[in-house]
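Listed here are the chains, written in short residue letters.
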Amino acid sequence: MENLIALLVAAPLLGAAVLLCGGRRLDRAGHWLGTLLAAVSFVIGVVLFLDMLGKGAEDRTLHQKLFSWIPVEGFQADVAFQLDQLSMTFVLLITGVGTLIHIYSIGYMEHDERRRRFFGYLNLFLAAMLILVVADNYLLLYVGWEGVGLASYLLIGFWQHKPSAATAAKKAFLVNRVGDMGLSIAIMLMFTTFGTFAFGPVLAATGETSEGKLTAIGLMLLLAACGKSAQVPLQSWLGDAMEGPTPVSALIHAATMVTAGVYLIVRSGAIFNAAPDAQLAVVVVGAVTLLFGAIVGCAKDDIKKALAGSTMSQIGYMILAAGLGPIGYVFAIMHLVTHGFFKAGLFLGAGSVMHGMNDEVDMRKFGGLRKYMPVTFITFGLGYLAIIGFPGLSGFFSKDKIIEAAFAKGGTEGWILGSVALLGAAITAFYMTRVMLLTFFGEKRWQPDAEGHQPHPHESPKSMTIPMIVLAFGSVFAGGFFSIGDRFLNWLEPVTGHSHGHAPIGAATVTAATMVVLVIGVAIAWAMYGRKPVPVVAPRGSLLTRAARRDLLQDDFNHVVLVRGGEHLTRSLVYVDHTLVDGVVNGTAASMGGLSGRLRKLQNGYARSYAVSMFGGTAVLIAATLLMRAV
Amino acid sequence: MSATAVHSLWTMAGGVTSTAPVEKFKAPVIEYTQLAPVLIVIGVAVVGVLVEAFVPRRARYYTQVFLTVVALAAAFAAVVGLAAGGYGTTKAHIAAMGAIAIDGPTLFLQGTILLTSLVAVFTFAERRLDPAAHGKHVVDSFAAQAASVPGSDSEKAAVRAGFTTTEVFPLVLFSVAGMLVFPAANDLLTLFVALEVFSLPLYLLCAVARRKRLMSQEAAVKYFLLGAFSSAFLLFGIALLYGYAGSVSYATIANVVNGSVTQIDPALADTMGNDALLLIGGAMILTGLLFKVGAVPFHMWTPDVYQGAPTPVTGFMAAATKVAAFGALLRLLYVVLPGLAWDWRPVMWAVAIITMLGGAIVAITQTDIKRLLAYSSIAHAGFILAGVIATTPDGISSVLFYLGAYSFVTVGAFAVVTLVRDAGGEATHLSKWAGLGRRSPLVAAVFAVFLLAFAGIPLTSGFSGKFAVFKAAADGGAGGLVVVGVISSAIAAFFYIRVIVLMFFSEPKADGPTVAVPSPLTMTTIAVGVAVTLVLGLAPQYFLDLASQAGVFVR
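Going down the list, the sequences are from chains A and B. Each residue of the first sequence is one higher than the last, beginning at 1 in the working numbering. Each residue of the second sequence is one higher than the last, beginning at 1001 in the working numbering.
To be clear, the hints were calculated from the coordinates, so they are not data collected in a lab. For glycine and all other residues, C-beta sits at the position ideal for the given N, C-alpha and C. Check the hints yourself; a few may be wrong.
[Stated by the list, open to error] Some but not every residue of chain A turned toward chain B, in silico, with C-beta under 7 Å: (1) Arg115; (2) Asn604; (3) Ala619; (4) Met628; (5) Ala630.
[What the hints assert, rightly or not] Just some of the chain A residues that point at chain B, by a computed CB distance under 8 Å: (6) Ala6; (7) Leu7; (8) Ile187; (9) Phe191; (10) Thr193; (11) Pro539; (12) Gly605; (13) Ser613; (14) Gly616.
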């Protein structure tokens, strides 16, 4: 059975290789091949899952060693896979949601002449993400990690004829490089500390290692997670990444890429458990990002960017939960899975809306679309209810658990974190209601596009609506299915561990508080966008609104601090190089030239001078020899 | 035993009437087969003189070239035969009544000298380089009639008559014969005789350039005067050492130096064992040898002579003389004066350092390609000295390897210099070489290979040699020398690369030189030079092993 793990990875990898090397003759069938191989991978995942369910909790972990990768004395690394409940969860999410997005893309990318290449990249994305989650050591994980970075670069910049897309791809890649540095440093630290990269020995040895080293490793892993999962301070690439085709956004936000950071932290739980300082840093990052993303999401008029802010915020919840330690690991992953369903649904819905509206993304130019796109409206609406935590839907269960866990952290810390999480829930309710109202309710505010075509909204083709319907089911039922009888908790606990913490307030109180803030958020949104007409041109807004529209000045901050600072640094270095280094070099050269010119004059062409030189030389030679003896 | 034998020979040759009975006279034992390389060369040289006297003028050139090439090839074959017979290793011994040492270094150096001379002689025989003067006259690098005054009527008459100086071939052979003996000499008198035998023909050869005759003659006179001066030092040093040891034999001197001989010749009771004589005499002999290798401050003849001499002669001299002189220096320091290492090492350190730096630094401002190569040869002498100073077996073998590698690069480089010509003969001013790579990419590329080898860039023989020498020096406790060596290599790289930049990245001048298309003779020289340079750079191990096998002096 364990031999299937390699096939799991191999199917999309093969797809990528064939589609990218196959050339134009595959143009007509390429998208079917890509989708088929994604589906094959999903089927293998399901088979492995069923097999796993049939075993006891103790022997559910599968290992497969393919070959010895770096067989150097004292530096051993294998290409080996490990499939446990945590990896299994990710495999099903990645391949399942990934396959749906493949199917959706068949319709969405129908008119793009580079569709074959697009599917090749999608397959590459899946393969890289699968390597990341089934690797049994950090070095192989790093391969998947970099592969994800590469695939995201290729996909965000897929419409490379748009300079904005090329820039966004470059930005995503560069910001991710910062995080990658963190991961590579963490791996080096692990090697010097533990002498190995494999999960088993590393995570087992945390007990005998000094807290300082573990804190360093933990902080570097956090940096890595910030890069991939778009957490403050490495969040700036996520909004710009909306330049990619919408299925890519769905894939990045729901199934791959941004979840990698959460996976990394939960997988390395043993390190964080033993390094409380690093864990504190994780919750701080999570809490800050949670509010940051939510505030940005409130101000965006671009439907995809509003959703991107929402993703940032929801991943912030997950990171927060992961930083809580064993209290939160399970809920971080549970929220990750339910979020995978409803966020993929929301993005596909947004893509469907854009598809019907001549690729318009400004929500102020939508309005009243519920009558024209009923399927999109219903699936998007269910996703909306799920994300705000409407009772009974997926988000209600998973987010509620995280808020509870935050309070259960205990002490002042618990109160602060719990309040932040509650506040985030209120803001989520506000901005998602805003998206819903601007898009599907109110007056039609449709505007002709740049070429003067009036939009004629229509429902999208079946290949697009079916994945949305499937995802809507997940948005509605997944949370309940997981929570009733603590199914998900029991499933994951053997891997991540679990503890209940000391909740200062009861679960019922938390749920009630969540409901209250939910209602407040929705009500404010209704008051602002439902009751009065929405202007097509955005009003100037308050200072906070304007800042939030500019992503809370993240790019300005980066520009002033990093870009300018970097420019100053390089300029100073160039100056030092020019004056000091070149000065020394050129000075040496010039002085050699001068010396040469002077010595050259000794060569005056007269044999008598030459003879004197010889005579003097001999005299010195004799004198020196005698002197040596005398000394 | 050999010491006394030579001593008695010396006194008898001096005309002392012997009162000893006739039956006590023992005929000297000469191992003719082991001396075959020298004998072949010197024998053919004598035949060459006879050829000049008796063979008609028209046939002389071909006869001489044929004889010279055959002699050098045969002598080389003899060396190979001796080496194959084990005379370089197990059968190494002192031959010819103690005068000649037949051992690994001797055979290795003789082989190197013979091969480089053979290759260099091809450039002597080149006659197609001056197409402007073609037609009725045969034109080579040498004066039509060396004895005619430059610019005189007799010179014009000689040119008109189409005379050529075919005497250069026997002269080269005499010189080579001296060079073959020089590193093999096992007593100071043989050393001196060999020095004169190879120097005198060289002085003459320097004077016989066809173009720029006055410059050529000036160079020859300078070389002769300074050479005589240095010979005087050498001879004086020999006298002092004889006074110290009562013998000119290397082995006896070595024994006296290290104190294993205490028996004092009554005639020399006042001087024997006087260390002042030893030190002063040793220093003076070193002067004579350092002059020949061109070490600072005894180097000043080098640029003038290299520039003035006919270029084929320069190439031959730069390569073969250096090999012979370093061979003699090695033997002197390793066989005669090892007991004095604490005295000569610091002094030689200083000489090596100023030689490396002096050669490299002054070369920077040179504008004539032949002078540039002359200073480069001075810097290389410094590098080789670093290996000499190592005083380890590795030091010997690395120097042997370096000499072999360096001599072929030198001969090849000077052969290329003969090709670049304008109306005044060879265009040696560097400004004329600008843009040569655009017009004659092959010639420029070949020259670039030689320059890179001089600079010691990897994949050329220059790198292998320099690496071997520096490694030996560092292992032998001369790390400081290696540092200086690397620094001066960096300085030297500047002017080598500058020539390459000039050839390939400058605009050609309108009145630039033309590159003559040589006969297969010069082509062979250049091709062999390039081949050896690359082979020793790419796969040096076999030759390093050979040198290391050969690197043991017989005592």
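Hint by hint, here is what the structure shows:
Hint on A/Arg115 is violated. Least Cβ distance to chain B is approximately 50 Å, over the 7 Å limit. Proximity of A/Asn604 to chain B is violated relative to the hint, the smallest CB-CB distance being about 9 Å (cut-off 7 Å). Checking A/Ala619 against chain B by beta carbon gives a least distance of about 9 Å; that is not within 7 Å, so the hint is violated. Nearest Cβ of chain B to the Cβ of A/Met628: about 5 Å, under the 7 Å cut. The hint holds.
Hint on A/Ala630 is violated. Least Cβ distance to chain B is approximately 10 Å, over the 7 Å limit. Given hint, A/Ala6 at the interface with chain B, is violated; its Cβ is 44 Å from that chain's nearest Cβ, farther than 8 Å. Interface hint at A/Leu7: violated, since its Cβ lies 48 Å from the closest Cβ of chain B, which is beyond the 8 Å cut-off. Below 8 Å, beta-carbon pairs count as interface contacts, and A/Ile187 has none with chain B, the closest being about 35 Å; its hint is therefore violated.
For A/Phe191, the shortest C-beta to C-beta distance to chain B is roughly 34 Å, which exceeds 8 Å, and the interface hint is violated. Annotation: interface hint on A/Thr193 violated; nearest CB of chain B at approximately 38 Å, more than 8 Å. Violation of the interface hint for A/Pro539 is found here, the shortest Cβ-Cβ separation to chain B being roughly 65 Å, above the 8 Å cut-off. The restraint placing A/Gly605 at the interface with chain B holds, with a minimum CB-CB distance near 7 Å, inside the 8 Å limit.
Residue-level restraint check for A/Ser613 holds (minimum Cβ-Cβ distance to chain B is 5 Å; threshold 8 Å). A distance limit of 8 Å between C-beta atoms decides the matter here; for A/Gly616 the minimum to chain B is near 7 Å, and the interface restraint holds.
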